[in-house]
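Peer 1: Protein chains in written order, with our numbering: chain R, 596 to 894; chain S, 596 to 894.
These are computed hints drawn from the structure, not numbers from a lab.
Since copy identity is lost for identical chains, a pair holds within one copy or between any two.
Below, simulated DMTMM-like cross-link-like pairs (lysine to aspartate or glutamate); rule was C-alpha separation at most 25 Å, straight line:
#1 LYS841 to ASP760
#2 LYS890 to GLU866
#3 LYS820 to ASP766
#4 LYS783 to ASP819
#5 LYS711 to ASP807
#6 LYS610 to ASP776
#7 LYS887 to GLU775
#8 LYS852 to ASP766
#9 LYS890 to ASP807
#10 LYS658 to ASP636
#11 LYS758 to GLU724
#12 LYS645 to ASP719
#13 LYS783 to ASP682
Spelled out from the first residue to the last, the chains are:
Number of protein chains: 2
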Amino acid sequence: MSILVLGTVALDTVKTPYGRRTKMLGGSAVHFSMAARLFSDVHLVAGVGKDFPRHHVDFLKQKGIVLTSLIRSEGKTFQWIGQYQGDLNTALTISTELGVLITFKPRISAEQRDIKNIFLANIDPELQECLLAHMHSPRLVALDSMNYWINNKPRQLRRLLKKVDIYVANDQEARVLSGEDNLIRAAKYLRSCGPKMILIKKGEHGVLFYTDRFIVSLPAYPTDKVIDPTGAGDTFAGGFMGYLTKTGRVNAASVKKALVYGTIAASFNVEGFGMEKTSGLTLEALNRRLNKFRKAVVF
Amino acid sequence: MSILVLGTVALDTVKTPYGRRTKMLGGSAVHFSMAARLFSDVHLVAGVGKDFPRHHVDFLKQKGIVLTSLIRSEGKTFQWIGQYQGDLNTALTISTELGVLITFKPRISAEQRDIKNIFLANIDPELQECLLAHMHSPRLVALDSMNYWINNKPRQLRRLLKKVDIYVANDQEARVLSGEDNLIRAAKYLRSCGPKMILIKKGEHGVLFYTDRFIVSLPAYPTDKVIDPTGAGDTFAGGFMGYLTKTGRVNAASVKKALVYGTIAASFNVEGFGMEKTSGLTLEALNRRLNKFRKAVVF
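Extracted from the complex, chain R is given alone in its bound form (with noise of 0.2 Å):
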């Protein structure tokens, strides 16, 4: 089975405790992209600039990304400048250079179109729904979105709720977004938004997700080894969308071993820079900490 991403393929530049890195690749859709390919065909979609270096292209492609819809055009690439402090759950924004995501609109083959499975990564949502309206007839629609734009383009992001299945927040957005300070709360008023389905990112605390029928609520894996957490959200929802892809159910079965999965993938992510350590990652060193992962949770 196959899933399409939409997203950022960025160059990110950031320090936190443990060091500085300049230039690393990074985005929404290339993190998510890393844990997804454990489970599924991924196919990225995003603009880069004349300057995206071409080892990182075939890093992509030896990871068995599908390119086709990875737009070069002239500019240059979205770069994000970032830092982390203290316990790392919040990342200081440097600076943003927009590059050629200012100009740049998806584009997909024609059998693209035929994907059922789509995650919309965090970028403008009036690209996003844009994505979608070019899906023939998508099974499993998930949306991640940010502050920015609940911001700034609500009314858009408000419209494409309605069209999705899954929707993805971290918990600051999701209380930003609902006006409620309970994450229950908050997941039942974006539920009455649109989307059947709330998974709200709560950072080193786990995840929690609503549904009507049932909720499932997970601790994050407990690591001391937090190095880098940016991508560590995408990563999750990589892992999450993977599986879920994969098995091609969505019930409250597939979706809490999806949830597993993604927190697992996102713990490897926060423990190196950029990708280090999930460009390296197996379904068996996934499978061996989801099962250290299991002593410490199941009861």
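Go by the hints and put chain S onto chain R.
Peer 2: Frame of chain R, contents of chain S only:
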């Protein structure tokens, strides 16, 4: 099996977005007892003033709490006035009136000295150490403390840490005492201070339990009815220690089950003011909710 708890008996005045209650029965030892009584005989060690209402004494007796060492003396009962806002995760103390606590010294009966399971709830660490010195051969001793003592009696607290089996702290306290932001590293540091077991309570985010041999991480019970979280941590400790006292074994399986009972007991506590929900709590109700929790967590 019996458990002895040293702590406070208080009259709490609390304001939350859901209302206000004046001079409710409260205090660390009382909240602990409300949960622990479901599993074990509870002996309460605390001091109250002449103003302490008779009906509160009757209520505690009716709940089966042994009050031999509840000392009534000249002066006023400890009073706390506090309020909660927003996500109700942090209490804002408006005022505390120590009353009889200023001169309180724990005294226990000859028979009580043989009790094997001890919970030293939040109170001056010198009183905690004084009580511990009275015990003949305790088998399992857990210690709770609060920021006030971490800041004001750090030397006494650190001495006491060497004498207990379990240290119970909330996430903020664990971070302050250890100087570590990451909670696993904080737990490892606290472990190096003496206690073999470290229990970090994270409020709405659940609990982390650390020993050299195993780690347990559990989310909180998902509830959207958080009315008044006062005493949730002590209720948690009551369920946890009560169950361990009942089983008489401390291993990975019993600790995990005890943490789950603590989690469920605390979830009832927050759903009402003071002891509104825990005073009528039964083991049957606890087990019913435990099964719902299992559905949300176990994979």
